[in-house]
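K.L.:
Working from the sequences, and respecting the hints, build out all of it.
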Amino acid sequence: MERQPLEAEVPVHGLADANEMDVESQRAAAERGLEDDCGPAFFEEEEECAALLGRVREIFDEYKSRRGDEVQKVDFINETLPTAAEDAKGVAATFERMERIISIYQESPHLLHGYLESLLGPLMWLLEHLIPTATEVWHMEKLAEGGNASVATREVSYALGMSYDEYLLHGVLLAIAKTMKFGQRTELLQYVPQLIPSVAALFSAHSSDTLLCKAAVKVQQRLAMALLKGRSAPWRYHKRVTFLAHNLGESSMPDSRTLSNSGNNNEVGDDEGDDCVVEGVGLEDAIGLLLEAVCHKDTVVRWSAAKGVARVCSRLSRTMAEDVITAVLDVFDNEHSDSSWHGGLLAVAELCRRSILHPRHLSTIVQFTTRGLSFDLSKGTYSVGSHVRDAACYVCWSIARAYDADDIKEHVYKLSTSLVVTSLFDREVHVRRAAAAAFQESVGRLGNFPDGIRLITTMDFFSLASLQNAYLHVAPVVAENSAYRGCMLDVLVSNKLLHWDRRVRCCAAQALGRLAVHENTDVIRGIARELFDRTVDNSVAVRHGAILALAELVGELEPGVWPQEIIQQIAVLIPRVDAMRMFRSRGGEYVRQACCRLLASVARRRLPLPEAVEVPKLGGTLMRVKTLAKLQEFFDDTWRQILEWLQNDAAEAYEQFAEAYYSKFIAAFHGPVLERLLSGCMETHGPMERRGNFLAIGALPWAVISATPEPVPEANETEPYFMLVLRTAMEGTKLEQNREAQDAESRRNAVRSLTKTLLRIPAETAQLTAALYEQVIQHLLNALDDYAADRRGDVGSFVRLEAIDALPVVVEYGQRMGLCTSAVVLRVICALLKQAMEKLDKLRGRAVTALERVVHLRGVLPQVGADATEAHEMATVCEKELTVLCDALFLDPSSDKTSPHVVFTNLGQPLLGTELFAHPVAEGLVVSAGALSTHIMQPAVNALLHAFRVSSTESVRLSHALVEIAARYAHNERVVVPLCVTINRLIAAGVFDEARHMDLVEILRHELKHFAMNIHALLTLVGVLGDLCRSPVVEARESAWALSLVMLASRYPKVRARMGTDMYTSLLVLSAADSSTDFAQAVSHLTATQWDGSDAVEVRGARDKLYDMLRIARPQGRRWGRMRLKGGRRQAASLLGRICIWYRRPATERTTAHRKCGVAEWLA
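Going left to right, the sequence shown walks through residues 16 to 1179 as the working numbering numbers them.
There may be inaccurate statements among the hints.
For lysine-lysine, the following DSBU-like pairs were computed, each having C-alpha atoms within a straight-line distance of at most 30 Å [claimed, not checked]:
1) Lys-322 / Lys-244
2) Lys-641 / Lys-679
3) Lys-1069 / Lys-1120
4) Lys-244 / Lys-196
If you anchor each label on the Cβ, the simulated ranges turn out as follows [stated by the list, open to error]:
5) Gly-808 / Gly-575: 50 to 60 Å
6) Gly-701 / Gly-833: 38 to 48 Å
7) Gly-833 / Ser-909: 30 to 40 Å
8) Glu-1017 / Leu-658: 43 to 53 Å
9) Ser-966 / Asp-907: 27 to 37 Å
10) Trp-660 / Asp-548: 24 to 34 Å
Simulated from the structure, these hints should not be mistaken for lab results. A virtual CB, placed ideally from N, CA and C, is assigned to each residue, including glycine.
P.N.:
Take a look at the structure:
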């Protein structure tokens, strides 16, 4: 029996070959290598599969013999298939195992050949009973027409399918697909007419199930191919073969066109050898299902259907294939369905890849493909179509591989330009790369794409990875070729500037400006006129893209390109948009930002703006206004916006605009503007207005701020405006007194404006003195101490970051003007070192960079042996410490300057050994060492421990420095809490100077009193106090005991419990170290007392007993006369509260407490 494989490309062994194989060698190979994680070796699986198939076959035969008994149909199924009725998962696992066996051993299908016929019958039987088949539906309709109402209304029961379809259907379909793929065609052909309608009904009934639909499409295409002979159609297109020798000009080689069987590329009229024998019925239904699945909602179904259509067409006759191709092209009629376009393009790509489409179809195919490359279906705030564009790239790739260069010569320009535009300007990176791959394939196989070799090296996989790089760097290089530039400009103007994604519009506008430099003037003017018409469009995206494009065109092209007509339109654009209220509509902030960029470009090119413009009013009339006044009004309105990025863009644009057009001070115009800006920086205004005004005063040019306001009669002397700006900015850097008005962004902008204004003052200005410079430096250094916090966290870091960036510039300016002394430089270095040692990575990296800039300034560091007129601080400067600083700053360029380990180890650790820089470094390190994050805390602690362990002298010096830091930042929780954590670790390590223990006790006494209501700070403070309780210094230890006994009566149970545990541990350590001491009674008392109990009287009574046990004098009780001292009101309020608590207690409890200690003692 001749074996007909279903696919010519899949090698299938014949039955005769199977009988001649060496069975013993197969069995040995199976025993050696076929044992896997899925189950036993092959022959064990074969036996298991055979037993299962045999059982199903027996059930099927028995059912056929009893088929006439319709009444007992359901009962029979339940009786003969107990596993299906009792264990649905078992049935599913069984069929999955059958499918896996066939899949794993598909290379040797002859081993299961004897069971194929037994397999397909039961699978068909199950499939027929899982869904209503077309035959039964037709039979029920006939019964209804015959008038048998009882039979017509009777519901057909498919019990097995209704109960177990979710487990069985997918496995059954996959098993059928594998069987049809590897079985003998002649044996399987008899089942095809029955399976085609069943699978079609299944597809319709489960159209929302992706897996079932995909499996149904796979089965249907196998069934359709089983109806056709297993050979390729002779009419298919054949690409011509080219020989190297023929290209070299050897006449002995035959013509490549004759070797390609050119007769196969004839027109449709030549039907020689074009025969298609369809054995059986249902082919049209199968192809219809495949065409329907091409437009399915799921991608995997469309992909499978596209491959199925191409496979079936490869065996059809030319006439039938033309009908199928026409049906495939009809799916593109639905322009609003991405599924139809995606499936259609996939089908076209598969047809091209299999050489089924004749070259005469290329004009239609290329038209649909180029439209697919730009397919983008907008759906509200997003769009779909990237998968369609990707499929269109696949079509281009298939065309390049399937056709000769001569056949697509007339379509080269359209394909090449479309692929280049998609490679450069598509939003999705995978589409850009797919288009570039198709372009590369076309260049390599066809060789007739213009400038192809250069472009494939420019538009490579990596250069197109970034959208911004593709638009701004790759596109200008490609645009040097005029063959592509026109299409690129058209796409940018007509499509990308209207894109829904703002990022794409911004990149498109910048790319348009860079491409415009290569185009002639007339084309650019035409584009500009088209863009001006869009600036008042109702769509925000259209307005935004048009104004951005105009800004980039003006910024990139020379002023001579623009005639006076276009300059007039530019000047009136912003007043016209404002008059139409388009800044106040949804998305108006982006239009306002685009207008700021347009004004910046106009100022950068210094276009001659008209003195006055005509602005439309609400009534439709025109009003003539001064251009600069109207634009200043626009800037004033922009600074009051709530968006920070918009204020920054407006300030940058205003700085360039004012520099270009405010070249001369006009008192009538600029005076009110300055007064309005300066008054807007006061605390009485809102935070958003203050932010914008601070940015604005820093953008004013020297020509404006150097003027002097009109004298006031009461004032003796009037200062120039820049002095008013400096004082306003310096006042703005301070923390606001009104808590509700505190705004870190305003202070940051004030620091920025202070720096910019100072740098604009020329050297010959009389008001520029050393005192003024010192004042500005001091305000910048004070800004480094801004640690304000709100619900966002450490917002003071905004101010510190701006001050860090400003200090190197101001130091360089002072050095150039001769105002910067060595003492100022050292103060700046110490402040930057402190910031470099703190917690925030971003500030640390910027501080290290700023330090390098300051240190590397020539002549800025003080030199040893300088003149005796140096400041007093220079007396402590030594050459060794400055050398240590310079050496420590020379970090490895590859090292991360934001890394705590790198900075603390390489910079902080050596500087702790210096007299000059140890104090600021320690200030920053103690904050980092007390941080919660391990990657910050551990390097800081290691640096401190290393410095303390260098020598006892260093330990004493650094201990004194830490005590000074604690005294300087008294009652400052930001420093005190991490400092206590750091000191706790140092005491535990035994490196802290014991002579400073008494100082620590006094510091803790004041801090515990200040943070009496802050449990977080108290828990940290009592930790240090517990360590001091076992201090070798007797005076410090006894003072710590007395303070600990006070904390044992704290209002917080956690604090009392922590203190009791620490005291217990300290007394145990002291008892073990000194046998002469006897703390056994105190230790027992500490152990027996529940310090976190809720009974305050009991806890205080237990605490009072420890005074006698430790031989510590009790503190004297409070007296009413002391209430007159400072803080007496708070003490009186506290005492009054305790009295209220006393009298709220039951009478019996008050009597008992009074007998024990009395009211006065209890209150004390």
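K.L.:
Could you run down the list of hints and mark each one as holding or not?
P.N.:
Outcome of the hint check:
Of the supplied pair hints, the one linking Lys-322 and Lys-244 holds, its CA atoms being roughly 18 Å apart against a limit of 30 Å. For the hint linking Lys-641 to Lys-679, the alpha-carbon distance of about 16 Å falls within 30 Å, and the restraint holds. Only pairs whose Cα atoms come within 30 Å are accepted, and Lys-1069 paired with Lys-1120 is accepted, the gap being roughly 21 Å. With a C-alpha separation of about 14 Å, the suggested pairing of Lys-244 with Lys-196 holds against the 30 Å cut-off.
The hinted window of 50 to 60 Å between Gly-808 and Gly-575 holds, with their beta carbons roughly 52 Å apart. As the Cβ distance of Gly-701 to Gly-833 is approximately 41 Å, the hint placing it in 38 to 48 Å holds. Our hint of 30 to 40 Å for Gly-833 and Ser-909 holds, since their Cβ atoms are close to 38 Å apart. Between Glu-1017 and Leu-658 the C-beta distance comes to about 51 Å, which sits within the given range of 43 to 53 Å.
Between Ser-966 and Asp-907, the C-beta spacing of about 29 Å keeps the proposed range 27 to 37 Å intact. The hint said 24 to 34 Å for the Cβ distance between Trp-660 and Asp-548, and at roughly 28 Å that hint holds.
Checked against the numbered hints given earlier, this structure breaks none of them.
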